[in-house]
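Colleague: Sequence:
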Amino acid sequence: MADALRIPNRERCYEILGENQVPPHIVKHCEVVTKVALYLARELNRVDEDLDLALIEAAALLHDVTKHLSLKSGEDHALSGQKLLEQLGYPEVARIVGQHVFLKPGPPGAPIREEEVVFYADKRVKHTEIVSLKERFRDLKVRYGKTVHSLIKIEHMESLCKLLERRLFKKLPFNPERLEELNDA
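If you read the sequence shown in the UniProt record's numbering, its first letter stands for residue 1, the second for the next number, and so on.
Because the hints were derived from the structure by calculation, they are not lab data. These figures come from a predicted structure and were not determined experimentally. Do not take every clue at face value.
[Stated by the list, open to error] Straight line, CA to CA, 27 Å or less: simulated DSS-like cross-link-like pairs of lysine-lysine: (1) K134 <-> K153; (2) K35 <-> K146; (3) K134 <-> K83; (4) K170 <-> K146; (5) K72 <-> K28; (6) K83 <-> K104; (7) K126 <-> K170; (8) K141 <-> K126.
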């Protein structure tokens with residue numbers, strides 16, 4: 001499933017993070033998002049989903065590859081990360097990274113997609129701690145909800161994320177709170 005030319009392995013992901021001078025605290029955040037995303041993907045695959053673990057791992061590790069630059073420039077780090085990864089020859093990883101802030105909804109009844117898993121995992125990790133959606137969105141509103149427009153976007157994203165959470169966990173034999181146990185793993 002994972003084509004080495006299309007999906008960078010873990011070592012290459014860390015090289016890309018290093019080449020782009022991603023600060024250690026952002027790398028750590030990406031590692032925790034990866035832990036959550038891979039855990040969810042493995043569990044979903046056990047109940048007959050067909051998620052590409054290598055693709056999820058690469059996208060989760062690289063989802064914030066340009067975040068540190070966007071904090072200074074104000075650019076959309078999902079889109080700048082997507083562009084960078086496209087230039088590096090990883091279009092599938094780029095597609096997922098480009099949706100980790102604002103997810104494009106899939107068709108109703110469709111199988112779970114890799115971008116949904118990475119998007120959701122990112123929304124469960126506040127800095128380097130796995131938290132509830134409620135806590136994560138409270139933090140996002142404080143940090144990024146500086147204007148009415150940005151607050152509305154965050155609230156819309158929160159609504160979509162709650163729907164996605166219900167969709168993901170409807171298939172799983174445990175509830176969303178179980179993910180917080182990964183903090184100790």
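Colleague: Check each numbered hint from earlier against the structure, then list the numbers of those it violates in ascending order.
Modeller: Those not satisfied are hints 2, 3 and 4.
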